[in-house]
Structures are given as C-alpha cells and as structure tokens.
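**Q** Residue strings, one per chain:
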Amino acid sequence: MPHLSVEYSANLDDRADIGTLCERLLKAVIATDLFEVGAVRVRAIRCEHHAIADHRAENAFVDLSFRVGRGRSLTEKKRAGEAIFAAAQEVLAPLFDSPHFALSLEIREIDPELSWKRNAMHARLRNSEDQGKGQHV
Amino acid sequence: MPHLSVEYSANLDDRADIGTLCERLLKAVIATDLFEVGAVRVRAIRCEHHAIADHRAENAFVDLSFRVGRGRSLTEKKRAGEAIFAAAQEVLAPLFDSPHFALSLEIREIDPELSWKRNAMHARLRNSEDQGKGQHV
Amino acid sequence: MPHLSVEYSANLDDRADIGTLCERLLKAVIATDLFEVGAVRVRAIRCEHHAIADHRAENAFVDLSFRVGRGRSLTEKKRAGEAIFAAAQEVLAPLFDSPHFALSLEIREIDPELSWKRNAMHARLRNSEDQGKGQHV
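Chains as they are written, first to last, in the working numbering: chain A, 1 to 137; chain B, 138 to 274; chain C, 275 to 411.
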C-alpha cells in the first residue's frame, strides 16, 4: 500500500497520455509525505469496451481508486485525495474542453487484519545511499 | 458515479458480445431512474489469464461490480441490482446452456467524504435541448 | 464468490508466469476447504502503464484482491489469506531476489444483501460423478 488504480476508457488512447498520468500521480502521492516511497504503486487498466452516459462515441472517463493502509486521519486522507485529484485534472485538462469527459476518485481503507504484504524495494529505498537517487522519482 | 465494472474471462471472446453487454447494462442502469444519465460509466476489463473452479478450459465468468454514491435506500439499491442482473442474464443467456459459466454482481457504496469528481458531460446533458437526443442512450 | 483478482505490472511479462500463478492460487483457495470449488474465480489484470515507488523501469508489483461472501470467521479468512499469500510467494519467489518487487494481498467481504449470483457450474460439480474428475483442479 498505497495502491492507485486508474481505469480508463480505451477511446482516450489518442487523447490522453496515460503513462504520463501514472507518473504524475506517483509524484503527487509521494509529495504528500504521507506514504513511504517504496510502497506506492500506480497503474492503469485500459477498458476496451465501455458504454458511458448518453453513449456517444466520444464519451470517455478516467476513474481513480486509491486504497491505503490504516493509520492516516480523515484530514490526511482528504489532503491526499485533493493532491491526487489536482494532479489528474492538470494532466487531463484538455479533456475538459469538450463536454464528453468525466473524472473521478475514490479513497478506500484496507483492513489491516486482512492484509498481507512483502516488499523487496523497501530495503533498497530505506538505505540512505539509495535515497540520494531520489531523482528517479 | 455510478461506476459499473465488468470483469470477464478472455475465453468469452467468441462466446459473448461484451460491447453489447456494456450497452445493455448502461440502458438498464439509466432505466432505473435512480442515477443521472451523465454520470453512468460502464466498462469491461478483459482477463487474459484466469483459473476457474475445476479449471476446465471452457470455464468462464462475468463479474459485475457496481459502485454508487450515497443517497439511495437499500430498497433502491436492490432494485438497481435486480435490473442490472436481469439485463446481464438476458444478454448472456446462451452461456447458461452449458455448465461452465458463472455470473455475479456486487454493489458497494462510495464514501462521500473520500470521493472527488468532475464531469464535463452534465452541463451538456442537463440542457433540455440535448436531452431531446435521448436516442443516443 | 470467492473472487481473486491479480493486478500486475506489464513489465513482469518476461519475469513471471501469470498463468501458472492463477492456477496455483486456484489450488490454494480450494485447498483451504472453505469455498465451494465451482465458485472460485481467479483472474489476472495486466497493467500496461504503471509508475512504482522510485520509478525505476524494473520496479514491478503483483497485487491480489480476494473478495469473499459472508459466512467465514475472521480466523478462517486469515487462514485463507495465509494460504493464498504463501502460494503467491512460492510462485513469485525469484522476483524477491532483486530489490524491485512488491507483493500484496487484501481480503474484503461482499455484502450479502447487495450481491447477486447465478452459477451453472455448481450443478455439474456437486454431482458426485463429476467430482471424481477432481484432477481437473
């Protein structure tokens, strides 16, 4: 954790750079200072088939689901949400110029009693020498 | 919101029309009159790799996840679920003829305090002139 | 139910066998004896775009989401989680040799009041003659 999943309609292939969106979302999450760098996983899921609103061919969406471990206050989670949503709006700004796009974000907490994890990146990233390579972020 | 995600096993490519399924699900959601047209986003996620039940090659599934904002009663949510499930069963009816298919639906509510959205379609669809183009739905 | 979804970064294509992972996870779920064989659906979702941790190109993840119906105790759910996570760790063991991989699992319960299902496999699998074909699992 945290996990940020980006579902998007495939008709955005030529209208949005989803790779860049993922990068910017990663930066936004890390910049909140609420999460450990090695734990942040952003990914996008392309949805070839979709049917949106009044079903015009140009209708499109990006929907973000952010799942986090317990341990942050509601205020902190809201702050993370604001930062993520702002980053997404910035990257996707041109899409709002036409009345065929919707962006959304939901945050949900993971039950710590029903969660398992093993992360080989932490040891590397918690090492100060490697942290000097922060430019990778 | 609402968001309807359809996960399906890729071995349905030649046995089901997932594009039509999305269209029919969109119509079913809108016909409940519980949701604003511009907010409904149906999409399908194709799962290339899968392992189902007794792992026969023909085993297949369609799993629907419907996420909605707060504000509808349990009765209304159940009514929406019934309508969505009925539509899915109708489109996928031939798949039930052989004992290798499972269909499922879950509804889950989104926490309004941890939800953000921006929708460029509403302004267009709330305009009465455009609503006359309801045939797009 | 139960549903086990495997999200993974596409840069694992040459480093992990996701088909085998699905098979092994299916076996692990069934071996818990907590779930009916015909109900278990494991599938993987490939994420072409991703941005992970310090954003090195080799950073990768596998994230498991296990959704189950009500009716099992916390202890039983934990036992299922342990079994699933152990199976995933075994299949993906080589990935932990380099400090660029993270594995995670979350279990979440489905609200029985907002769940619908129809399964054509049960009739076949509940038939004792067919259960003799357990080698398919």
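One or more of the hints may lead you astray.
Claimed, not checked - Partner residues are not named here, just some residues of chain C that face chain B (Cβ under 8 Å, in silico):
#, residue
1, Leu299
2, Ala305
3, Thr306
4, Leu308
5, Val311
6, Val365
7, Pro368
8, Leu369
9, Ile384
10, Trp390
By construction, these hints were calculated from the structure, which means they are not laboratory data. Model, not experiment: these values are computed from the prediction. Backbone N, C-alpha and C define an ideal beta-carbon position, used for all residues, glycine too.
**Q** Would you list, in rising numerical order, the hints stated earlier that this structure does not obey?
**A** Hints 2, 3, 4, 6, 7, 8 contradicted; others consistent.
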